[in-house]
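Here numbering that gives the first Met the number 0 is used: the first residue of the sequence shown is 0, the next is one more, and so on.
Everything labelled a hint here was simulated from the structure, so no lab data went into it. Note that the structure is predicted; figures quoted are calculated from it, not measured. Heads up, the beta-carbon is just placed ideally off N, CA and C, and yes, glycines get one too. Warning: the hint list may mix true and false statements.
Estimated spans, in silico, between C-beta atoms of each pair [to be verified]:
| # | residue 1 | residue 2 | range |
| --- | --- | --- | --- |
| 1 | 130 | 58 | 32 to 38 Å |
| 2 | 38 | 129 | 34 to 40 Å |
| 3 | 128 | 33 | 23 to 29 Å |
| 4 | 115 | 91 | 22 to 28 Å |
| 5 | 68 | 108 | 34 to 40 Å |
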Amino acid sequence: MSSDSREDNLDVTNAERAKLTTDVKQCVRESKGDVVRLLSGDIIKSPWPGAQAEESRRDLTVESHIHKRLGSHPRLVQIIAWDPEECSLTMEYMPNGCLKDYLLANNEKITTAQRLRWAQEAAEAFNCYIQQM
0 MSSDSREDNL DVTNAERAKL TTDVKQCVRE SKGDVVRLLS GDIIKSPWPG
50 AQAEESRRDL TVESHIHKRL GSHPRLVQII AWDPEECSLT MEYMPNGCLK
100 DYLLANNEKI TTAQRLRWAQ EAAEAFNCYI QQM
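Please model the complete structure; the sequences and the hints are all you need to start from.
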């Protein structure tokens with residue numbers, strides 16, 4: 000694998016930075032303020048500005064380290080890039096959002112079979128966590 004491999008190195012390469020910069024210029028802003036959805040579909044998480052900036056930067060740095068340690072797994076959101084200078088985390092877009100929000104919006108429509116599949120998938124993700132820690 001090359002030194003630019005995403006599995007080995009979550010830092011952004013110059014080519015990726017140029018692509019991300021182009022995408023950001025054309026981005027669609029989400030209402031959360033610290034999250035930008037690119038036209039490519041990827042998500043960029045950046046620190047909150049103002050009084051919360053330092054804590055937000057710490058949280059994003061910790062999140063990037065956790066993802067790097069866990070590595071790639073089909074039950075985890077995939078990290079595309081980590082930019083330590085900007086303290087921004089680029090990750091795959093999850094069209095249904097977080098599970099909590101999805102459950103709140105769709106609780107009545109979710110079958111027992113689907114809930115059992117999710118429980119099994121969550122157990123698989125947790126097993127990945129246990130093995131890596």
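For each hint, the structure was consulted:
1. 130 <-> 58: 32 to 38 Å: violated, 24 Å
2. 38 <-> 129: 34 to 40 Å: Distance hint for residue 38, residue 129 holds at roughly 37 Å.
3. 128 <-> 33: 23 to 29 Å: holds, 24 Å
4. 115 <-> 91: 22 to 28 Å: Check passed, 25 Å falls within 22 to 28 Å.
5. 68 <-> 108: 34 to 40 Å: Hint holds: Cβ distance 35 Å, inside 34 to 40 Å.
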